[in-house]
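*Asks:* The primary structure of each chain is shown beneath.
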Amino acid sequence: MIPAPFDYQRASSVDEAIELLRQHGEDAKLLAGGHSLLPLMKLRLAQPSVLVDIGRIADLSYVSETPADGRVLRIGALTRHHDLATSELVREQVPLLAHVASRIGDPQVRHRGTIGGSVVHGDPASDLPAALLALRATLVVRGPAGERSIPADEFFTGFLETAIAPDEVLTEIRVPAVPGVGWAFEKFNRRAQDWAIVGVAAVMTDGAGGPGVGLVNMGPQPMRAAGVEEALRAGASLGEAAARADEGTDPPTDLNGSAEYRRHLARVLVRRALETASG
Amino acid sequence: MSILGTRVVRVEDPRLLTGGGTYTADVRDPRLEGALHATFVRSAVAHGALRGVDVDEARRMPGVVDVVVGAEVDLPPVPGTVNRAMARPYLAVDRVRFVGEPVAVVLTERPEQGPDAAELVVVDVDPLPPVVGTDAALADETLLFPEVGTNLVAEAGAPDGATAPDGPAGCEVVVRQRMVNQRLAACPLEVRSSAAAWDGGRLVVWCSTQNAHGVHDALVRAYGLDPADVRVIAPDVGGGFGAKIGAHPEDLVLPWLARRVGRPVRWVETRTENMTAMVHGRAQVHEVTIGGRRDGTIEAYHLDIVQDAGAYPAMGAYLPRLTQAMAAGTYAVDRVTSRSRVVVTTTTPVASYRGAGRPEATAAIERAVDLFAAEVGLDPAEVRRRNLVPRFDEPHTTAAGATYDTGDYPAALERALAAAGYEELRAEQARRREAGDPIALGIGVSTYVEVTTGPYAGSEVGWVEVRPGGDAGVEVVVGTGASPHGQGLATALAMLVSHHTGLPHDAVRVVHGDTDLVAGGTGTFGSRSLQLGGSAVRGAAVEVVEQARRLAAEQLEAAADDVVLDPATGRFHVAGTPAVGRTWAEVLAAAGVPALRAEHTFTATQPTYPFGAHVAVVEVDTETGDVRLRRLVACDDAGRIVNPLLAEGQRHGGLAQGVAQALYEQVVFDDDGNPLTATFADYAVVSAAELPSFELVDMETPTFVNPLGAKGIGESGTIGSTPAVHNAVCDALAHLGVRHVDMPCTPERVWRAIRDATR
Ligand SMILES: Cc1cc2nc3c(=O)[nH]c(=O)nc-3n(C[C@H](O)[C@H](O)[C@H](O)COP(=O)(O)OP(=O)(O)OC[C@H]3O[C@@H](n4cnc5c(N)ncnc54)[C@H](O)[C@@H]3O)c2cc1C
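So the sequences go chain by chain: A and B. The opening position of the first sequence corresponds to residue 0 in numbering that gives the first Met the number 0, with each subsequent residue numbered one higher. The opening position of the second sequence corresponds to residue 0 in numbering that gives the first Met the number 0, with each subsequent residue numbered one higher.
Hints may contain errors.
[Stated by the list, open to error] Example chain A residues on the side facing chain B (calculated, C-beta under 7 Å, incomplete):
# : residue
1 : 0
2 : 1
3 : 189
4 : 254
5 : 256
6 : 260
[As the list claims (entries may be wrong)] Residues of chain A placed beyond 10 Å of chain B at every Cβ, according to the derived structure:
#  : residue
7  : 13
8  : 23
9  : 45
10 : 55
11 : 176
12 : 181
13 : 232
14 : 275
Calculated from the structure, these hints are not laboratory results. Built from N, CA and C at the ideal position, the CB exists for glycine as well.
Chain B with its partners taken away, still in its complex shape (with noise of 0.2 Å):
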């Protein structure tokens, strides 16, 4: 029986869960002996021109070597993501444009002595008027780029679909809905963390990262090296959720201050520092216009976005794309339009974050439908079942025009109705709302589907050695391009390899994350690890069992093609004559040869579309308002599983980010752009008590653009989860009247909404 779809426990595990782990912060290296700690002084102005930083005070202080203003720093500014012209320097020099950017840096002989004489730095602001929200931004009253001419980044799109006669406004029925997706912290439990030493002409970074090759290349781009000239490792990373994909201009000067000083140089955020200066996610405000027959046919959808993307438009403006092409989700509708607009704010800039504006797509798209629902009179399940796209097993293009690989939407709906006993809720909802209980029921049902990998077709390079040594007689080493944090990549890949090898997985060791070790590398985001660094690994293992079929063949003294290995022994033979083998450690050393190597790159023709279908249970208090989550029934299809245990983590981290959405988490900033949820006090990061048991259907439909058959698993519960708890919600006081509460459904929220309408 093969190792692949079984549930092997993660090998990282001993490791980390006694303390084994090394993050960045943990890293001793001779390179980094001596190294000065770099503290940030951040700007508590959002908006503002700055005319001075006096840093005499803070020189004076003990153990400071050196303090460096953004004026000092000679890098050229790094260009705005879509819009080239919306720069951003290391350290801010003639204006602040958000609360938290960095303003000037400390070098400490310690970390401790830092903060002391940062706290010294005087940082001479005028102020200028904020600009929190799309609203203020899009009024372009206030510009954050004045030689710009406009808070705008970015449009793309149709901006009269909602109105246009054959878009939804000319249908039997229209429904409109303004809402709020709100910014969200992505809370690596390991906050930000770089480490820069020069190492003769080489530059040498350690960083708390999901891709180390994309710190590399932004590195080479800052400092103009040649590319074999800079190295960088992530060690363990604690958490990235998207927010860790690129380098921060925090990770990106350490090698000018480590120039500058002749010596190395360290950073460890605080968490407010996190909070306020990595990117966020999210942070769109979207207006869905929804059209149809009575009968439950939706004919046209059209959603508009306006995406703050922070104060520089980083990753954030490139979301709305990936929003607009996902806008159709499971649906057959003939007529999707979409239209986007990217500002800029004085906030924190935004980023990917756990889906990354696929999340964004869903939820518009799933409440509209709940929304059209309501207003037809129809169950909201019955117009998913009238609306989805039948089962399709050849490419499927939609009205947004995304190319769809495989998928069954009906299937995972009826699984997941079936599973949550869909019927009875609905009865005991209509109970409860007979006997008017305070409490009431609500019941959410949301379908989704997202791309993976994508927009474009990825691909990633892996590679496999096998070497005398080990129990086993010989060891194997895995590298691949992809950066895992968490994910439990290693284990998958080594059960690939043992899969094809005939090797014990524990045989199996994997590097990444180090840009000497894999070269071209891609990352781990975007659920795209497994589905291609794994068929990568793959082709790499194929191809070393090949080379040592054919000196097994040699050895043999057989023709190479009446060769097999067979993987339950690991051993190969004449086909049919198993008695005479050569195991792996007989077949290298009677070659002679210190190991077998081969590197595969595998590059996908198309993305992957993973998908499924939620139902959530909620109660909600309806004299307080509180919201408490009973039952979440998750069915993901994610193509083929090749280890259920590592796809049901991923499940349940992404359903518990996904109802953070729902019911807990938003960054909020109050008027004059200073952050109020600074701290884990004050956002509400969800915890395990607030959530049930997951329930979780499983389905496979494979994919037939990686050789694994498996699509990513990384987003899923997120995508799917948030607007089947945000639908709960809303179902929950339905028949109070209440038509939509934005996210997250708070208490105050929820009671305001039932008050409003019953009043």
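Isolated chain A (complex conformation) (with noise of 0.2 Å):
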């Protein structure tokens, strides 16, 4: 369990980050929270020879409301999910997203991972990726070339791949305020401090997508429930959209279930999702 040799640099500001990134090119990887990264380093799994160390930039941990527009929530990359999950603004704005966060894993991951980092590393089977999906968030990322922002629909782009380049860093992630607006969690697991073996995060908007509800662990990527979505958007009932859900995943078999069963848990899940969300 110790991780091959590599070099450490610690960033003081986004910039710095950005160019520490620049001088290491593909070797290089950035450390937030260090909670998915680190794990797989001491497996052997990943062997980055340079860590350039975000976590002690201070500005990138923040949660406020778009001055102009109190709408949309925005959230610094390196917020840890146990400030997530207790900010009072974000249990107001999006509740969804603070009982999410109070999910992942025990209390150290929670107190050591940020949503940045848990939203770079694309795990299908993370919680926040699903939740963000549901609640049409949107990245930003900043680069040499500037700042630029990704649809989270746009963002997960296949297994641990996510359309942020190896130079970038990202900076925030915006998210439109749903206060009032019926969710649900559901996360399927056996032991407190489990991954999902399944999970659906549903918020029960109405306006432009309709109903948003997104998918853990259900394929390569963090994904949304398309099937069930365009359901609802055509007035199906619960049960018939919740019917739906598993319409173009593509489930894992492991240990904890195969493909077969995630199928049947994520129709149940998403049911009683929608008929918490609704309730």
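Take the two lone chains and join them into the complex the hints point to.
*Replies:* Following this line, the structure appears as structure tokens:
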């Protein structure tokens, strides 16, 4: 459980981090909370030769409302799961997100892991990405060429792959505020601190896209339950919509469950989530 | 009032909880100065011919002092348990037999340099077909030891017990079931660790073990040394659960490495090494056949066992004998037969894990009794009532051949049922079923009896020394041949000594786990430490008191027989005249002796048989298969209890691990023999969050086997809770037509069982 040798650099600002990434190229990796990256390094599944630690950039840890338009919550990429879970602002404006953060791993993980790390890691088994998909969040990244915004829908591109470039830093997550809107999170796991075997994040937004439903661990990447959302937009009953939960998914088979079982779970859990969210 | 039977808090805890513990990796000792760090290179292939190991590149890595391959180690291989021909080399020589088997070892100046160099060792293996699972092993198509001619390690018992006309086959009602008692990992929080140094001609080894003397003897055998020239020290040990009873090859080869390089060598494994290369437990496949009458009388029972011993027969090869000895459980069944076959497979070797062979016996018969009850349409508690051995105070010999010391199984069952509110639970279950509640309620009952210290009568040594010093004027040092590693034995021994000497328990210091300080101990396992080690220390304390009493009598100018020790004050005086007396300190000072000391070996006449009954309540989400344990009521009778707090601690831990087997834990290999549960992310160790507050019911039926009247409590919780929870899950699904689900009752298994039964 000793990682391969690596160099360690600490960045004190986003610009410095971008510069260090530019210098070291493909061999460098950003280090935030370390709770996804370090386990992989200890198992020697990841062997970056340089770690650029952004964990102490204080001004990337915040939750605030867009000054001009209170309808969007801005969350700094280094905001820890615990801070997200306990933020009054998040609990009022996007209660789904606060709740999902509170269900991640154990207290130690929640005090170290960051929302940015969770998003950029792009693990389909992670909880926050599914919630951000359901909430139709936007990811703000900055690189040598400046800043760009990527909708969550376009961000997760494959297994542990995202649309961020190796020399970019995720700085902010923008989440439309949904105070008072029904929501639910169904995390199905065996033990309290476990990852989800299957998870479902649902928020009953009306307006443009209609209700949002995100799925955890139902394919190579975090994904939305497109069939369910479509059915709901078309006015289907909750049960009818839930029956389409596994549409377009490609769930894994592993020790915790077969693909067939995960498909079944997705249908049950989506139905429960929709019932709770509209209850 | 005696201190015995009171809730004295653990004297060990302040030090351990404040980070004051010294585990093997923490040991700082002049003899270990300049120690090299060993990193083992392990086979990544389950089975294959070892063509060669190229260490050239690794040798050139920074900090590498030496790299050793198997052929260089000129120690005789360790004979297989039960079947000596299936011997195990320290490092694989011409064949690898499981993923994780050590193939080479790298010695480096600093610990972190080891893995970098180890990565560069090239292990050339010609793969052979893996042998995974007992069926594959029994087929004997691929042999692990071609020279032996079979994968069968040992066979015992009655092969045709299930079909014999006087067995279950001849009964009015016959029920059969195949079930898997799955392989488990012990998961001690402290992984394995050892350090070896040659001190002149003497070998000193520090080892994270449950049995320093066992490691001592293994080293003496391996190196052909005079026993006096080997010292083994077990410092603080962070859990063992049976897996650290014996010495592993990695522990035993360190002195050889140290001699080769002329420097001390130390080793700490990683968690993944621990999960793949430390011995596993359980791993039996059962076929039960139970027969009886429609009225619920059980008449005959046959247990067929196939034990997966892993790649090299270790203690695992012996487990079925314990299972067979305990096959009859708590029941008065006249005809009990069993048969066992032990096989080798290309997987991690198997040895003891909390209960070792007995939980398997209980799991088998307790499931069988429930299946039988379902078949005859009677309540499982009622079937148990009709078939339990009645209370006995004289030894009772079962049809399986074990001689139980004392027991009252019906009383344990009734107490557990009453505490659980069994009738009301059944009524609630009926209401829920009636209402079609998708959350099904399951109620599981188990009764158990197990053999501790056994299967043979055990023995242990202890000494007590009273010398001047400390707040009380004297201090007491106690030595025990037991090797506690978290159980709180030092607290219990201090209480026993306090009770007999009248000195405060916190004036007692207990030393253990050092073969130079205690000659000839046996260690801590099999729930043996208090009943044997405690009886030995008690014997020594009584002898020391007797020495002091004789001295006090001289000093008081009285006849020895007239002088008594007041246990409340620790003063000796003439009976009837307490005003004139002598304290321990005064006795020692007046006698001019530096200390009083006695050593005592206690040998039991037979093992003891703790017993009990558990009731588990589960809720099963029938849509997802999710099982939640809601209640666990445990009536455990381990004879006289020296300290209820310690006993409850043992029960809590045991219950947790028993529940874990029923619901969560399982070591898994894929078809190629690759371990899939090599980290804590994949192996589902149970945590407090999954467990309800345990409901403990006390019961004390003393044994005549030792002067304490105590039986062992270390394994009871594990043994009783697994079948109670397992039965509860199956019970929850009974109305849906499900008969049996194998352990662990994972959500997917439960969901499939429901789906298959209802479609
Ligand atoms: C025991 C355990 C249990 C867990 N359980 C859960 C669970 O139940 N649910 C769950 O969702 N998660 C779980 N996690 C994961 C946890 O949430 C991680 O913290 C999270 O996935 C990664 O965040 P981090 O800050 O630790 O990222 P790091 O590990 O530091 O980084 C992860 C990756 O993201 C990159 N990165 C990090 N920050 C940025 C940034 N700002 N810009 C660009 N790239 C960046 C890194 O280079 C790296 O590639 C668990 C982790 C552990 C160890």
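*Asks:* All hints, please: hold or fail.
*Replies:* Structure-based check of all given hints:
For the restraint placing residue 0 of chain A at the interface with chain B, the shortest Cβ-Cβ distance is roughly 4 Å, inside the 7 Å limit, so the hint holds. At its closest, the beta carbon of residue 1 of chain A sits 5 Å from a beta carbon of chain B; the interface hint therefore holds under the 7 Å criterion. Taken as an interface hint, residue 189 of chain A checks out: its beta carbon lies about 6 Å from the nearest beta carbon of chain B, inside 7 Å. The closest approach between the C-beta of residue 254 of chain A and any C-beta of chain B is roughly 6 Å, which is under the 7 Å cut-off, so the hint is satisfied.
Using the Cβ-Cβ criterion of 7 Å, the hint placing residue 256 of chain A at the interface with chain B is satisfied: the shortest such distance is roughly 5 Å. Hint on residue 260 of chain A holds. Least Cβ distance to chain B is approximately 5 Å, under the 7 Å limit. Remark: the non-interface label on residue 13 of chain A is consistent with the geometry, its nearest Cβ contact in chain B lying 32 Å away (cut-off 10 Å). Every CB of chain B lies more than 10 Å from the CB of residue 23 of chain A, the least distance being 21 Å, so the non-interface label holds.
Look at residue 45 of chain A: its CB is around 14 Å from the nearest CB on chain B, clear of 10 Å, so calling it non-interface holds up. The Cβ of residue 55 of chain A sits about 24 Å from the closest Cβ of chain B, beyond the 10 Å cut-off, so the non-interface label holds. Every C-beta of chain B lies more than 10 Å from that of residue 176 of chain A, the closest at about 32 Å, which supports listing it as non-interface. Every Cβ of chain B is farther than 10 Å from the Cβ of residue 181 of chain A; the closest lies at roughly 22 Å, confirming the non-interface assignment.
Under the 10 Å C-beta cut-off, the non-interface status given to residue 232 of chain A relative to chain B holds; the minimum distance is some 26 Å. With a minimum CB-CB distance of about 15 Å to chain B, residue 275 of chain A clears the 10 Å threshold, and the non-interface call stands.
Against the hints set out earlier in the document, no violation occurs for any number.
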